[in-house]
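Take the sequence shown: its position 54, counting from 1, is numbered 182 in our numbering, and each next residue is one higher.
Calculated from the structure, these hints are not laboratory results. Quick caveat, the model's predicted, so the values are computed rather than measured. Keep in mind that the hints are not guaranteed to be accurate.
Quick list of the computed label-pair ranges, beta carbon to beta carbon [claimed, not checked]:
#, residue 1, residue 2, range
1, R201, T143, 57 to 65 Å
2, E150, A182, 32 to 40 Å
3, Y198, F142, 54 to 62 Å
4, K192, R159, 43 to 51 Å
Beta carbons: idealized from backbone N, C-alpha and C, even for Gly.
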Amino acid sequence: MQAAPVRATAIPSFTDALRAVESLLLSSGQRTARRNAWTSVQADRRRAKDRVEAQHILEQTLTKTLTDTYSARS
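Go ahead and model the full structure; you've got the sequences and the hints to work with.
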């Protein structure tokens, strides 16, 4: 009795499948432009998230400073 043959190649992920379709439909320059655009979108999202987080920290610091100042005067 022989064992079943082992599959030598992995099943492609969804991302790999999308890249394969993309490579068929778009030229090299368009693929690069699309990837660069997506990288830019991701960077913009990270910066926006960081900006909101910094704003919250500044607001909390200001609130604490004002609260401490008014508490000290009372």
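Hint check results:
The hint said 57 to 65 Å for the Cβ distance between R201 and T143, and at roughly 60 Å that hint holds. Distance hint check for E150 and A182: the Cβ-Cβ separation is about 36 Å, which falls inside the suggested range of 32 to 40 Å. The hint said 54 to 62 Å for the Cβ distance between Y198 and F142, and at roughly 56 Å that hint holds. Look at K192 against R159: about 50 Å separates their beta carbons, and that is inside 43 to 51 Å.
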